[in-house]
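If you follow the hints, you should be able to join the two separate chains into one complex; please do so.
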Amino acid sequence: MIAIIDYGVGNLRSVQKAFEKVGHTAVVTSNPKDIDNAKAVVLPGVGAFAKCMNNLNEYGLVDIIYKTIEKGKPFLGICLGMQLLFTESEEFGIHKGLDIIKGKVKRFPDGMKADDDPLKIPHMGWNNLNIKKAAPVLKDVSDSPFVYFVHSYYCMPEDNGVIAASTGYGIEFTSMLWKDNIYATQFHPEKSQEIGLKMLKRFGDLF
Amino acid sequence: MLAKRIIPCLDVKDGRVVKGVSFVNLRDAGDPVEVAKVYDEQGADELVFLDITASHEKRKTIIDVVMRTAEQVFMPLTVGGGIKNLDDIRNLLKAGCDKVSINTTAVENPEFIKEASERFGSQCIVVAIDAKRSQKPEVRSQNNPPGISWEVYTHGGRKPTGIDAVKWAKKMEEYGAGEILLTSMDKDGTKDGYDIELTKAVSEAVTIPVIASGGAGNLEHLYDGLTKGKADAVLAASIFHYKEYTIREAKEFLRKKGVVVRL
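Protein chains in written order, with the working numbering: chain A, 1 to 207; chain B, 208 to 470.
Here chain B stands alone, though its shape is the one from the complex (with noise of 0.2 angstroms):
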């Protein structure tokens, strides 16, 4: 059976981890590499990193990162942050990167998520959706439950978009995107949860996989995340980064509760 997946995410500026990794053995805790191999032992079913490196020039850095990280890591690597055109596509899959994750290009120019997908398969183009509680008419879509919507963000959280994130997430998979990172910005950072009914919205309304992302704090969000919420995927940053739980001690307790993992 397909297991459900687990992916730790880094936050690398200029080639290096910031927000702090901290593991015990661990020679640099700033080199994404010495982080991806930690996350290899543990068991993780696919690694994120997210380039917010601030200027154009430093972003071949992130090249640099992919390609120090294939070479010893065998497991899908998706980056996202900073993507906008095929080119900065190519060069990362040429690096060994396995996915791109999308967010405003996508929103400035959604043909670009056809082109993309044509180019390389969907199976590589992850649209990536931060998304806002929103309490304006115009951000409505039939499938959210009553009274409740959820407004598309662009530029790292900062621009809203008077999209409908549901809407966005049926349209981008028309579009050709091969999955959806689903991100709640009322969460992130909170460690109270993911946003389980923004999740199950999106997740109910596509046929693509969707990864929770933002709000988990502890084991159990993981669990409804992936089963109240439906999620396929769930992604985590400081939970396994604090070494609060390891990703085995995360895949453990949720096969005790009947989910399929990979351990």
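Just chain A, with the same shape it has in the complex (with noise of 0.2 angstroms):
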């Protein structure tokens, strides 16, 4: 069983959908004893960075999110779980973060143009991935596949040895990550239809 941790945040249920259309059985919960008996574990996210991370702690999440990761269970962060990861976010201010990816997310610079025309913030819609690493979740997804986008802050890891894809929009940032047990993209694999259902599969594959 996967266990999707809620905080009170986000649409939780495309992401439990997403996993039962491939196989999988989900929970959407925010009790830590799920969480802790669960295979696998997926932190979602949307909204502001602070508010997320306050919800976290309001929740009592954070000390299970650590034990999972230690643990070495399979974890993946998505989108703004993946931003919640890093050390810290200069979103509305510095904020700390899980500091679990030793990094910094920060905002898209201002006046990023293509061809002349100025590039819109927030990066909505669907990029490519060119991949940088042969994550096992990417096992038989095509090169530069598109998927689906829709953030204003991307993630800067202070190691590049954990990039797994990059993604052009003004600048080259990192789009997923892949650090041992530990998973993350900036792309909502639950909206990217077949191919990031495909990764969702590999993702609960992996126990």
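Calculated from the structure, these hints are not laboratory results. All figures in this text were calculated on a predicted structure; none of them were measured in a lab.
Straight-line Cα separation of at most 27 angstroms, DSSO-like style, residue types lysine-lysine; simulated pairs:
hint, chain 1, residue 1, chain 2, residue 2
1, B, K220, B, K291
2, B, K265, A, K17
3, B, K374, A, K113
The structure is reproduced here in structure tokens:
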């Protein structure tokens, strides 16, 4: 069973339904025991960094996230759930994250252009993954697939070795990371049609 | 590279698709979930449900539509129509909706857009603007091309507001909107193309994505909206509903003309 951590933000139903679609049982839960008993854990998230971090603390879920990762269980952060893994974010002031991955979360710089037209922020829509590392969840995924993004901030890991895929939008940013049992995607696999479902299936197959 | 998005729109009344959809091999053309599945197979980039249910009591039917769709279709879903408070938004998001589109309530109470984007994040707050060409001297903005301006309408296009559409779009961006869904009332239903001047004026005035809507009658119109109009996405209803073109055909056409699309 996969536990999807519920800490009062965002649309968790889509993540759960996507796992069920590919044959993995998933529960949405804010109970640390359920999370501890799960074979794999997903940290989703949308909205503002500070609010999500506060909610994780208020719901008493921070310790179980550290424990899950230490135990070596497959762990997947999605969108803001990826950003929360980092040391700090500069969204609305500097805020501390979980510091599981060393690095910062930064806003796309102002004034980015493509062919003289300014690039819009949020980065919203379908963009390519440039695969850097053969992460097991990317098995059978063709090169530079389109996946669905919606975000204004991006992750900058200190160690480039954790980057599994990058994406170009004015700059080249980290769109997926993989370090040991930790996977994280800036895009939404649960909204990326077949390609996203394939990744979720592979993630569920890890245990 | 970020692809331009093609977004079919379904008008839903009391849980059923209205205005008609005619696909071959569709068991029930009135069921939004069945139609959503067809668009999913054709490679639509997102899907918009416009809830035109008149009575408040029947509003929960759209929640049911979203829940059933989100079980089968794994792409972004937007719902517009009749959203009045934070609970409406929360209920839709919980059902599996990704974005809500807000029109009348934004004009009546702009602060609502601030509250909603702070609570749920800008990424899920779309402000829908229905705009019509205007000669009124008060509806002017420096961003407009000489001699042209557009007035914002609410209540499904029935009520003029005296607000300049370009200025309004900028204000909504400041208030936290993550995207603008821009419909030309002059062009809507005409099938002779988007209002390119309107689309371009709004798209250049804001730094958030703009979806062009109203008037698409052929594939060239989609191309013009995305290039001359500088829209980030195009919304269309009838050209896809009546199988004049599939989404895939539209994308192949655009790709041949050099537009980045997801195929």
